[in-house]
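**Student:** Each chain sits in its own coordinate frame; assemble them with the hints.
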Amino acid sequence: MSAVVAEHDDHHDDHDHGPAKGLLRWVITTNHKDIGTLYLVFSLAMFFVGGGMAMIIRAELFEPGLQFVQPQFFNSMTTMHALVMVFGAVMPAFVGLANWMIPMMIGAPDMALPRMNNMSFWLLVAGVSLLASTLFMEGGAPAGGWTMYPPLMLQTGKALPFAIFAVHLLGLSSIMGAINIIATIFNMRAPGMTLMKMPLFVWTWLITGFLLIAIMPVFAGAVTMLLTDKYFGTSFFDAAGGGDPVLYQHIFWFFGHPEVYVMILPTFGVASTIIPVFARKPLFGYSSMVYATASIAFLSFVVWAHHMFTVGMPIAGELYFMYATMLIAIPTGVKVFNWTATMWKGSMTFETPMLFSIAFVVLFTMGGFTGLMMSIAPSDFQYHDTYFIVAHFHYTLVPASIFILMAAGYYWLPKWTGHMYNEKIGQLHFWLSAVSVNILFFPQHFLGLAGMPRRIPDYAVQFADWNMISSIGGFIFGASQLLFLYIVIDTIRGGTGEKVTDEVWEDAHKHGLEWTLPSPPPYHTFTTPPTVIPTEHI
Amino acid sequence: MSTSGAYYVPHKATWPVLATAGLVTMLAGFANYLNGSSIGPTMMVAGLVIFIVMLAGWFTLQAGESESGMYNTQVGISYRMGMMWFIFSEIMFFAVFFGTLWYTRNLSVPWLGGEGTGAATKELLWPSFDAAWPTNGPKALGLDHSGARTTGAEFEPMGAWGLPFLNTLILLSSGVTVTWAHHGLLAKNRDQLIKGLIATVALGFLFVTFQAFEYHEAYTEMGLTLGSGIYGSTFFMLTGFHGAHVCIGAIILSVVLFRSWKGHFKPENHFAFEAAAWYWHFVDVVWLGLFIFVYLM
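Line by line, the protein sequences give chains A and H.
Going by the numbering used here, the first residue of the first sequence is number 1, and it counts up by one from there.
Going by the numbering used here, the first residue of the second sequence is number 1001, and it counts up by one from there.
In isolation and in its complexed conformation, chain H is listed as follows (with noise of 0.2 Å):
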């Protein structure tokens, strides 16, 4: 508990309110998109330029608020926490899917090859499923290439020890490099700040590009899909979820290089940089798992 002087309590906020426009304009597209309408892609755009709007506008109003020095300590702490509790929430939500692949490999999985009350579900529907990891499930399920749901498909899981195995090294190398920024701040090396900023998005970006290519590697040559069964599902699930994750923490890491080189940020007083740190670490921690469950084992 801070209370040091008077309250700062902003007002009449505009952006909040484009802000929710644009998100469910975008939904609403991406909703009659699904559905076959045209209108669908339209909508989407338009939702994304308000959000994009919005991002610019709402960023600018706080950094501007931020250095002309209108957030007390207090303000400062309401922040943090706002931006810990929003980690959880995203902890939790990588945590739903991690225990989907918990669930379907350790138990759903076996059950339909006949282990525990299992034995007449495996007698009687599919005698012959052979309740292996990784598996595309008894119908052997797959995409053709006119994404259309086919039976009978083969896949080859995708493998640690190569792309993979890279971006480890470089998610893990991007973490030191955002800390050494980190450190470049708080002794008032400016030029340290930006060089470590600039290896940590451009790291980041580097991870994107080669998760791409697993994809396309995937998608191509190994019959690996987002429909190759539940191996698939939550190979590509867990492993898109947190590729969208890297590239939202490196926007968030290139706004706070620009300000950087815009001259913000003090040693004792830079809330957006330590957010976008601590998004960049989860991010890390979030791969690590994936390398273990999703890859290794």
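Okay, chain A solo, but in the shape it has when bound (with noise of 0.2 Å):
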């Protein structure tokens, strides 16, 4: 990596370069740390939301028959779990990571179109509000599950055109984002932080900035055909006018498959980042890792058909889209075995982050193989839309992307805040996480073998036990995330007392630019361009 010698000239003219007074700083704000706050602040809200209604799946679940809710408000819990979780959690979370480190790792004074920055947030929390509202509205919030297919989506009721709206909104919001931060890293980094000496992190964000900015319009476009064939006498999605509702499914996923990789490609990166501290070694095959990730992006934009085998394709297209869809597996191993490779012999310790990276590690390759059984075309007729696949996405998203973005907070809250959090609450979220969380989604597995479809709120007796035991490790891990919350609060409120040191973790800051920073950083990190001195390579 690269040390930095900055430059932290406090003797300029400083009428307005500090934050502004009250809580008006956080309305009209430009600063990267302030935004990348919010984005932070306003996904933990919303994991918390989409997670309250995860509790009230599990809970009507817990038993067969109808216990606490309607189906077709079970349908919208369904439904708003998943659009909350992915739109105002997940990729939320990682835009405000990138937000705080981008600059901080490349040297750079701030994000390259600050102005635009501030307006993709406030975008998002009107994008969230409109599909918020949706749940108190005649005929209910959206039901027909977080894909929206047509005809059953149009049967919606007042939330219809507010749903479509707000994916409107929350698309502008991520091509806001991503072009800015496709800017600041091709535009604003530090001299002599060449592309290959980037953190992954930033290297990823990169791929996913592109990812984000092709793919969000598709889904803008598909959504606004919904809108007008409900409307306006379109009959895009209708057989009876020549349309076809398969052709919203192709389009759906053309944006859906890459998306998935949107939350994932990040976390990706953020593993790579952490794996090397806690091993004391440089991140093994750092240039395999580029191109792996560019090779996967590239992948996700011709493989969407895997989640359509059962439409009744044409055999042909059945055959590409398998074996398109298996050939991911081969960036996606050579990742692991880098990560692998990063650990071992490594002089390793096991702080908070490095067990979630771990656990990462592990359980994300186990979503990865069930991947791969389902990419086998005849078997997925099997687990199409069972809850095997409830279990597949959410290991790849709840002990991957979740259990990252834990491993991030731990790993940067100490830099951002200048406190260090409790260790010993920390690692007692991990355990009670890790175990909870395979409790959980494991039993999900046989579920969907065994033939329990997917966006039901009862079914036949003979699922009841897996079920009841899922439920019991839903409510545990739902539980276990106040521990996260109340670390994230207490650190900042001065964690142990104790004061960490610019570099936070031993030797951090052979890895990264961040950790050559005073812990808080200043508002404003560079205000002339730093040095960077090249050391050593990652």
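Source of the hints: derived by calculation from the structure; they are not laboratory data.
It should be emphasised that the depicted structure is a prediction, and the values quoted were computed from it without experimental measurement.
Here a beta-carbon is modelled for each residue, glycine too, at the ideal position from N, C-alpha and C.
A couple of the hints might just be wrong.
[To be verified] Here are the in silico distance ranges between beta carbons for each label pair:
no., chain 1, residue 1, chain 2, residue 2, range
1, A, M196, H, L1055, 38 to 48 Å
2, A, G18, H, V1255, 56 to 66 Å
3, H, M1297, A, R25, 49 to 59 Å
4, A, P64, H, G1057, 54 to 64 Å
5, A, L449, H, G1116, 52 to 62 Å
6, A, F136, H, F1210, 42 to 52 Å
[What the hints assert, rightly or not] Covered by chain A, according to a simulated footprint, are these stretches of chain H (three or more residues, beta-carbon under 8 Å):
no., region
7, 1010 to 1017
8, 1028 to 1034
9, 1067 to 1081
10, 1085 to 1097
11, 1111 to 1124
12, 1138 to 1150
[To be verified] Facing chain H, from chain A, some residues (calculated, C-beta under 8 Å):
no., residue
13, I213
14, G221
15, F236
16, G242
17, G243
18, H250
**Tutor:** Shown next as structure tokens:
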């Protein structure tokens, strides 16, 4: 990596260089750290909102029969849980990390387009607010699943146009955020910070930014056609007029498959940033990590119809999408191998960020293997729309994306706040989460293989035992996350009281520019370009 | 990577929040209108007013900062990257509707007519359906005068060699005039810059006017509406979104024209002009795609 000689000159004229006073600071800020904080706080709040919905789902599924909620509301919960978690929690959390870390990692003063940065955050809030408002509307919140397939989705009540415009606003927000990140990485690097010296978190976000700009307009187009089909008499998805409902699925998944990689590529980036620090070794195979990320991103555009194996595609389509999907296992395997090789013979210590990262490597790999199973088209006819799918993508999202977001929180909170978190409670949070997440999701593989369909409020009695175990795991997992909330608040308010050093973790300054800055870093990191002195390659 | 001297970082922006407020008010108003709520139109107008005030304010701020020399080369590059990636996102947006046209025309309509594995579909559902393009589907959908859906409707597809061809010539000429204006700007010939921009904006609005005539003819004489099955859907969606983008482009060019009048832009620093010109060429290229795939083929 490289070391930095930061020139913090405090003697330039200072009339408008500090934050604004009072709450208004957060509304009109253009500072990448403020906006990063806004994103992270908002996403943490949405994590609990979406998590609350998940608790309703697991409570209803605790036993067969209808206990707590009506089927329509149950379906609203599965739909809104997914939308809130994807667009309100995971994506904004990674944008928040990008805002905080990318300028510090590449030696930039701020994001390239600070005013647009402010707008992308507030568009996110506006979009999620529109979406949340549908919960209180006549006919209820959208209940057709987060995929919004027609014709089912067109049966939504008054919520439909609100949900569609929410998607437009969220898409706009993501595109602006992505443009900003790409412009920052290409244009704002300090002298000496060449592309192949960038931390992998920056690399993965560069590629994710490209994915976002390419796919969010596609989703916007798809839901626009839903809107005109419902209100303006078009027949894009209506066979009576020559349209095709399957067309929606193609367009949606052309967006949707890269979209799930939008949530996993920055995850890979954070893992590749944390693991070397606690293994006290450089990352194994840096350049192969970069190429693997790019390969995964490319493949994500050409595999979408593996979500639709049972829809009745021509056999050539089934075969093509099956083989193309299997190819993804190769670059992903490279990554898992590299993380393992990074740890091999390292002097490892197991602080909370590292524990979450190791759990990520193991559990994400399991989610990857079930993905490989489902890529086999004939087998997928058995798995399709069952709890096996639910188990698969929750393994790639919860003990992968969410765990890495937790790891990132523990890893960088001391840098952001200048305070150390409580390691004992952190480890308790980890072990409770790691055990309960498996109790929660592993039995869902069995349920799915036995034929339990997803998105139903009631089920046949032979599924009762595993559902109850899964729900118990879910309640423990949900409750454990309150520990994280406690730790975040406690750390902001002073944590253990121990003053952390600039590098926080032993020898971390060898791994990233951010550890050469004070903890917490000044409001404006670099007012003039820092001099990056290359020391050792990652 | 260009790092020349001190970094430029703007502070304390109020326009982005106002932009968001305007947008969300407009969209919530539109959603209310679609739900038949009487508050909808009021909200839409209020949102639009906020949005227009925001645009005027934000543009004035940026133009003022640019003219007072606050933007160095690095800021200029960030803006150019931002505009290029924005245009890329617009290309992807249009790609959806071009893809829809391709898919329905070449795959799903023939399947409805019995091709591939669609034999049973044809036999059991619509045995008399002739799957030829253009089509308004097996039920021959259309809209009556009150906007209600009808079946068994007939329509006439839009030909290529009338107004659409004229519009092609208009847009291509406007691409030439905007380049001529650019040459004027580079040669410090302000008269040529302003005349070129006036011509471009005028051609843009002429295009939209002709398109309005075309739509009027489609609705009143050809039976071709947004409800004319998949042909009407794709035709109006593609040309309609394109027309909206011509309007946006013409408005951007009008702002650039106004600024040229005020004496803004230098040969070495005129990002707003470049961005407007790029956007205009993008709109132009999309039209060529439309002319070929929607009108000609």
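**Student:** With reference to the structure, classify each hint as holding or not holding.
**Tutor:** So, going through the hints one by one against the coordinates:
1. Between A/M196 and H/L1055 the CB atoms are about 41 Å apart, so this pair conforms to the stated range of 38 to 48 Å.
2. Look at A/G18 against H/V1255: about 33 Å separates their beta carbons, and that is not inside 56 to 66 Å.
3. The hinted window of 49 to 59 Å between H/M1297 and A/R25 holds, with their beta carbons roughly 56 Å apart.
4. Separated by about 59 Å at the C-beta atoms, A/P64 and H/G1057 satisfy the suggested range of 54 to 64 Å.
5. The beta-carbon spacing between A/L449 and H/G1116, approximately 32 Å, falls outside the hinted interval of 52 to 62 Å.
6. Judged by the Cβ atoms, the range 42 to 52 Å given for A/F136 and H/F1210 holds: they are separated by roughly 46 Å.
7. Here's how the region 1010 to 1017 of chain H fares: 8 of its residues keep a CB closer than 8 Å to some CB of chain A, so the rule of at least three is met and the hint holds.
8. Only residues whose beta carbon comes within less than 8 Å of a beta carbon in chain A count, and the region 1028 to 1034 of chain H has 4; three or more means the coverage holds.
9. For a cut-off of 8 Å, the count of residues in the region 1067 to 1081 of chain H with a CB near a CB of chain A stands at 5, and the three-residue condition holds.
10. Evaluation of the coverage hint for the region 1085 to 1097 of chain H: fulfilled, as 10 residues show C-beta separations to chain A shorter than 8 Å, against a requirement of three.
11. Chain A is given as covering the region 1111 to 1124 of chain H, and this holds because 4 residues of the stretch bring a CB closer than 8 Å to a CB of that chain, at least three being needed.
12. With 6 residues carrying a beta carbon less than 8 Å from a beta carbon of chain A, the region 1138 to 1150 of chain H meets the three-residue requirement, and the given coverage holds.
13. Below 8 Å, beta-carbon pairs count as interface contacts, and A/I213 has one with chain H at about 5 Å; its hint therefore holds.
14. The restraint placing A/G221 at the interface with chain H holds, with a minimum CB-CB distance near 3 Å, inside the 8 Å limit.
15. Interface restraint check for A/F236: the shortest CB-CB distance to chain H comes to about 5 Å, inside 8 Å, so the restraint holds.
16. Because the closest C-beta pair between A/G242 and chain H is about 3 Å apart, less than 8 Å, the hint holds.
17. With its C-beta approaching chain H no nearer than about 5 Å, A/G243 sits inside the 8 Å limit, and its interface hint holds.
18. Satisfaction of the interface hint for A/H250 is found here, the shortest Cβ-Cβ separation to chain H being roughly 7 Å, below the 8 Å cut-off.
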